[in-house]
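Protein chains: 2
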Amino acid sequence: MYVFSNEDIERILTMQECMEILETLYKDIAEEKALLIPRVDNLLPAVPDDAYYGFKYMGGGWPRFQMVALRVNSDIITHPEISGHARRVKMPLANGQWVGLVQLYSIETGELLAIFPDGVTQRMRVGATNGLGMKYLSRKNAVRAGLIGSGWQAGAQLMALLAARPVQEVKVFSPSQKNREVFAAEMHQKTGVRIVAAESLEACVQDVDILLSATSSIERVIDPEWLKPGMHVSCIKSQEVDETVFDACDHVFMHTNAQAKQMDNVLPGTPNIPDKHLGGWWKNEKKTSAGFPDLSDIVSGRAPGRTHDDDITCFVNNIGLGLQFAAMGALIMDKAKSLGFGKELPGEWFTESVHP
Amino acid sequence: MYVFSNEDIERILTMQECMEILETLYKDIAEEKALLIPRVDNLLPAVPDDAYYGFKYMGGGWPRFQMVALRVNSDIITHPEISGHARRVKMPLANGQWVGLVQLYSIETGELLAIFPDGVTQRMRVGATNGLGMKYLSRKNAVRAGLIGSGWQAGAQLMALLAARPVQEVKVFSPSQKNREVFAAEMHQKTGVRIVAAESLEACVQDVDILLSATSSIERVIDPEWLKPGMHVSCIKSQEVDETVFDACDHVFMHTNAQAKQMDNVLPGTPNIPDKHLGGWWKNEKKTSAGFPDLSDIVSGRAPGRTHDDDITCFVNNIGLGLQFAAMGALIMDKAKSLGFGKELPGEWFTESVHP
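Protein chains in written order, with the numbering used here: chain A, 504 to 859; chain B, 504 to 859.
These are computed hints drawn from the structure, not numbers from a lab.
Virtual Cβ for every residue (Gly too), placed ideally from N, Cα, C.
Just to be clear, a hint being listed does not mean it is correct.
To be verified - Beta-carbon label-pair distances, calculated as ranges:
#: 1; chain 1: B; residue 1: His858; chain 2: A; residue 2: Glu672; range: 25 to 33 angstroms
#: 2; chain 1: A; residue 1: Asp552; chain 2: B; residue 2: Glu851; range: 22 to 30 angstroms
#: 3; chain 1: B; residue 1: Tyr555; chain 2: A; residue 2: Leu704; range: 31 to 39 angstroms
#: 4; chain 1: B; residue 1: Asn598; chain 2: A; residue 2: Glu672; range: 53 to 61 angstroms
#: 5; chain 1: A; residue 1: Gly804; chain 2: B; residue 2: Tyr555; range: 24 to 32 angstroms
#: 6; chain 1: B; residue 1: Arg590; chain 2: A; residue 2: Arg590; range: 15 to 23 angstroms
What the hints assert, rightly or not - Taking beta-carbon pairs under 7 angstroms as the criterion, some of the chain B residues facing chain A (in silico):
#: 7; residue: Met518
#: 8; residue: Ile540
#: 9; residue: Asp544
#: 10; residue: Val550
#: 11; residue: Pro566
#: 12; residue: Asp578
#: 13; residue: Ile580
#: 14; residue: Thr581
#: 15; residue: His582
#: 16; residue: Ile585
#: 17; residue: Ser586
#: 18; residue: His588
#: 19; residue: Trp601
#: 20; residue: Ile610
#: 21; residue: Thr612
#: 22; residue: Glu855
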């Protein structure tokens, strides 16, 4: 049984490989060759008065790689008001740290194969998911991009962009001048690509082929006025767009329709796509309630992607999919073994001699 | 983060303490002060042709002890026919062992507190559950008992019996003469109580105040003809009884009505209580669909238990409850610390510095 650290996983995972294995996964999902373990949030009162405790899990089983993943998050959550806006903040009460763990199990032997924190994997799967959206939906000759956001997720989106298209220049904007300049300098050094801190949001979004939003905003980020023919818009949250943006696009795609309806009314700050768009824009007999096509529709060819160079396309990472952790897990186990990463614990600690 | 072994837990848990903490839990359940994580079985094709893979989890959160438990079972399952009867057998493919793991999390800090195999805890919670049934439902002056079964679960039922009532003699029967004699000798040595191997099933069930069934049978074990006034019948599976037994009883109780309906049609070899008994025998406005009262009804006083010495009562452990693992976990953590059991791993392996 292996224990990996976020640092191990950062060295193991490349964006290119994450996109490749997710592409295989979404084809299998389209053929119903993978089983989703739906996300469930179990909420309980917490010790701090204004907080609540969330025990969340999601996962899935992927027979192609004999892999089951379960991601567990154990969070103490508050909703403080910051600069007049409600935010969802997890309190780091585990000795100043957070608790999110991915567990991998073997379908072949039943064994617990590995446990590791979810942070880096979570970031890479979000990046790779939007990366697949860019690969399938943006113009093949896209060379200029604008990125709104300069945080942890923005870095992964930039890596995905560069893995998807031979982009030559990326403008980046975030409200803090320091943050965007540091981000631009660091990412330029890391990638060799020209990354420029934009002076304003308007400058960032002008004359770009791909527009990326990677924020923690729970209000709309993308202005429909910005959208120009041929542009691809990529968002990591449904709150970054709204129906005025969808109306300005020729083709809109979600990450996944699995659980989209269930989540709508459950969680504070989760997808807020209006009902009239669900089941409206694109229909076939397999999708009576879901609406917009999703990534498995795209990679399997079940849904048409971009049809003309002038089309405006939009990809929204509306919600995560537990199955992604099975794909990341298959990649991590395969590479960790050959690279010699991770701490190995005795397997017999995690098995038993009694028929359970 | 602690790793316990089944051997550690066997030394930590006493039946008396398991019954006490479960009694507190069921009172809290009656007041909705605990949150069930329902059992879900995720089934996938397995590598051996005649097998399937089951990824099962259940659990719950119990604010009284700031404890969340998740029990995960990762099983390769077959249904071989043995002596003309279908059985559900889990294949020990993890280096000859099985995989069932309990994880404990703190509601207070979010931390993963411990991981341990589920075997001993599973056995003790089944024992303690039926033990509470005996404590509340059998005659206070019960002194003679008959036990059908001599396996792993039968031992726990015997411990529960002795914790619940000052029983002076227990007859035990199982089809194999050797098994019942070895069991009787071992349990006599362990408990000091007179334990006798019965020559026949009929001899075992005669003149007893409490009749226990602890088998893996998926066919009826209890014959209604055996039931006499004043007797308490205790079963660890719903398949050990049927409606003819219920008809012969004055009061029938289930372990839990949580999930009882959902499970009915889902799993091979799970509860087969006929629909006409659900919602039939005992009703109040809080229980329109469930039917028989359950353990939380009993310990909270919401349902009357035995009302006369001559009543025939029956308690059926119809299905497990994930929340029991939170109660066992609270007990294990509390005692393991003071006794110095378990292997401690660095907590920082299981936390992270990034907001997940």
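Structure-based check of each hint:
A hinted range of 25 to 33 angstroms holds for the C-beta pair B:His858 and A:Glu672, which are about 30 angstroms apart. At about 28 angstroms, the CB distance of A:Asp552 to B:Glu851 agrees with the hint of 22 to 30 angstroms. Under the hint 31 to 39 angstroms, the C-beta atoms of B:Tyr555 and A:Leu704, about 54 angstroms apart, miss the expected range. About 54 angstroms separates the C-beta atoms of B:Asn598 and A:Glu672, a value consistent with the hinted range of 53 to 61 angstroms.
Separation of A:Gly804 from B:Tyr555 is about 31 angstroms and conforms to the stated range, judged on CB atoms against 24 to 32 angstroms. Between B:Arg590 and A:Arg590 the Cβ separation comes to about 54 angstroms, which falls outside the hinted range of 15 to 23 angstroms. Contact between B:Met518 and chain A, as hinted, is not supported at the beta carbon level, the nearest pair being about 17 angstroms apart and thus beyond 7 angstroms. Taking 7 angstroms as the C-beta contact cut-off toward chain A, the hint placing B:Ile540 at the interface holds, the least distance being around 6 angstroms.
The interface hint given for B:Asp544 is violated, since its Cβ lies 11 angstroms from the closest Cβ of chain A, which is over the 7 angstroms cut-off. Checking B:Val550 against chain A by beta carbon gives a least distance of about 5 angstroms; that is within 7 angstroms, so the hint holds. The beta carbon of B:Pro566 is positioned within 7 angstroms of a beta carbon in chain A (closest approach about 6 angstroms), and the interface hint is therefore held. With a cut of 7 angstroms, the hint placing B:Asp578 at the interface with chain A holds, because the nearest CB-to-CB distance is about 6 angstroms.
With a cut of 7 angstroms, the hint placing B:Ile580 at the interface with chain A is violated, because the nearest CB-to-CB distance is about 10 angstroms. A distance limit of 7 angstroms between C-beta atoms decides the matter here; for B:Thr581 the minimum to chain A is near 13 angstroms, and the interface restraint is violated. The interface hint given for B:His582 is broken, as the beta carbon of that residue sits about 15 angstroms from the closest beta carbon of chain A, more than 7 angstroms. The interface hint given for B:Ile585 is violated, since its Cβ lies 14 angstroms from the closest Cβ of chain A, which is over the 7 angstroms cut-off.
Given the 7 angstroms rule on beta carbons, the hint for B:Ser586 is violated: about 18 angstroms separates it from the nearest Cβ of chain A. The closest approach between the C-beta of B:His588 and any C-beta of chain A is roughly 17 angstroms, which is over the 7 angstroms cut-off, so the hint fails. With a cut of 7 angstroms, the hint placing B:Trp601 at the interface with chain A holds, because the nearest CB-to-CB distance is about 5 angstroms. The closest approach between the C-beta of B:Ile610 and any C-beta of chain A is roughly 5 angstroms, which is under the 7 angstroms cut-off, so the hint is satisfied.
Satisfaction of the interface hint for B:Thr612 is found here, the shortest Cβ-Cβ separation to chain A being roughly 5 angstroms, below the 7 angstroms cut-off. Checking B:Glu855 against chain A by beta carbon gives a least distance of about 4 angstroms; that is within 7 angstroms, so the hint holds.
Hints 3, 6, 7, 9, 13, 14, 15, 16, 17 and 18 from the list above are not met by this structure, while the remaining hints are.
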